[in-house]
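Colleague: Here the structure of chain A is known, so what remains is to put chain B in place on it, guided by the hints.
Protein chains: 2
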Amino acid sequence: MDIAMPLYDRFTALDAVGPYEVLSRLPDTTVHFLGADGTGPKKTETGMLTILTERPLEDLPHPEVIVVPGGYGTRDLMRDERVLEWVREAHATSTWTTSVCTGSLLLGAAGLLDGLEATTHWSEAGALKSYGATYTARRVVEQPGGIITAAGVSSGIDMALRLAELIAGRVAAEAYQLAIEYDPQPPFDSGSLAKASQEAKDHLAARSG
Amino acid sequence: MDIAMPLYDRFTALDAVGPYEVLSRLPDTTVHFLGADGTGPKKTETGMLTILTERPLEDLPHPEVIVVPGGYGTRDLMRDERVLEWVREAHATSTWTTSVCTGSLLLGAAGLLDGLEATTHWSEAGALKSYGATYTARRVVEQPGGIITAAGVSSGIDMALRLAELIAGRVAAEAYQLAIEYDPQPPFDSGSLAKASQEAKDHLAARSG
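Just so you know, the sequences run in chain order A and B. Sequential numbering of the first sequence, starting at 1149, is according to this note's numbering. Sequential numbering of the second sequence, starting at 1149, is according to this note's numbering.
In case anyone wonders, no lab produced these hints; they're calculated from the structure. The reader is advised that the hints may include incorrect statements.
Copies of one chain are not kept apart here, so a pair can be met inside one copy or by any two copies together.
[Unchecked claim] Taking lysine to any residue pairs in the SDA-like style, the calculated list, with each CA pair at most 20 Å apart, reads: (1) Lys1277 - Arg1223; (2) Lys1343 - Thr1284; (3) Lys1343 - Gln1333; (4) Lys1191 - Gly1274.
This is chain A alone, in the form it adopts within the complex (with noise of 0.2 Å):
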């Protein structure tokens, strides 16, 4: 099985990286990390850490799963007619569809969620209606047509193992789990606008202000 995952300049690392340690041990499964805006070197939104892609969305027209990762970069590939489609072309014979974090901004571009609920980081909520999308709060969004989108960042992991379930079944999922060691235990409960604290939401502010 073929997974697709475009990177582009400024993408969110943990956005791809979550699904990929999930995805990536699906029995005959290849992820491809292609380069959505030319290939080469994409540097995450800090520049700090960089992930190799050695071929163009174009190498892989028609993958069994797509998987689109979050990041400022979305914002110029939202405008670039060549990657929307791409996703359009690849949506079409894939049997899943997904996104992480402002990755389902890309698929609301290419007008694949139109009439669809969907989900993306908190932050962005407000921008799926342009694309005539439903946002809603929760973690993991499947709907029908094979598309799944998850909520910021780290829920691509969630969503990575609902997957894996679906492709390869709940036992094998629980065994990724197992292999990751996924028993999360966060040491406060502040990762969503209704658990964070006023102070924790103020301090996010004023950093990104």
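Modeller: Only chain B this time, still in chain A's reference frame:
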């Protein structure tokens, strides 16, 4: 602040990228991915993912924080006296020396865990003993001397949030948890040896064998 993360061929991607995604948000901080076995591209165990390193370990002898990710490649590093010497020297002046997964075996081989409690991936629990450490099945283990070890793969996210709290305070760390929307909701509860079903364990054992 300088955070050093040694990379090497056959590392586990999420071991490195989980902590990166948290710690790169600390103010005035750079996460440096350093080539432990020479600079250049470093591939994960599957060969599907490549992270670039541009500088060798020796370029950063005195980072404030060390994060050693795990992976099959640690087996070679543990026999590389140049790498072990860097770990010892860097630890002598670091504020925090940490590991994820089998990264703790490298700390052990460098002599840093003698007489301490520590953790690692559940499958390598027995290996810590030969370094004078006592394996403990906790997800994040803090010890005197600024040493923090984390359990398998995904536990690096939890470790990094705790480390962020120690460095920048609780509100900042909670803000980073919100930024990466880390409100984990795995679809199963199979992330530890104690919780996984026998079927999941058997599945994993059959694949590893």
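Colleague: Now tell me, hint by hint, if it's right for this structure.
Modeller: Hints and how they fare:
1. Lys1277 - Arg1223: The answer is within: 16 Å in one copy meets 20 Å, while 50 Å across copies does not.
2. Lys1343 - Thr1284: within (16 Å within a copy, 30 Å between copies)
3. Lys1343 - Gln1333: both (15 Å within a copy, 14 Å between copies)
4. Lys1191 - Gly1274: neither (27 Å within a copy, 38 Å between copies)
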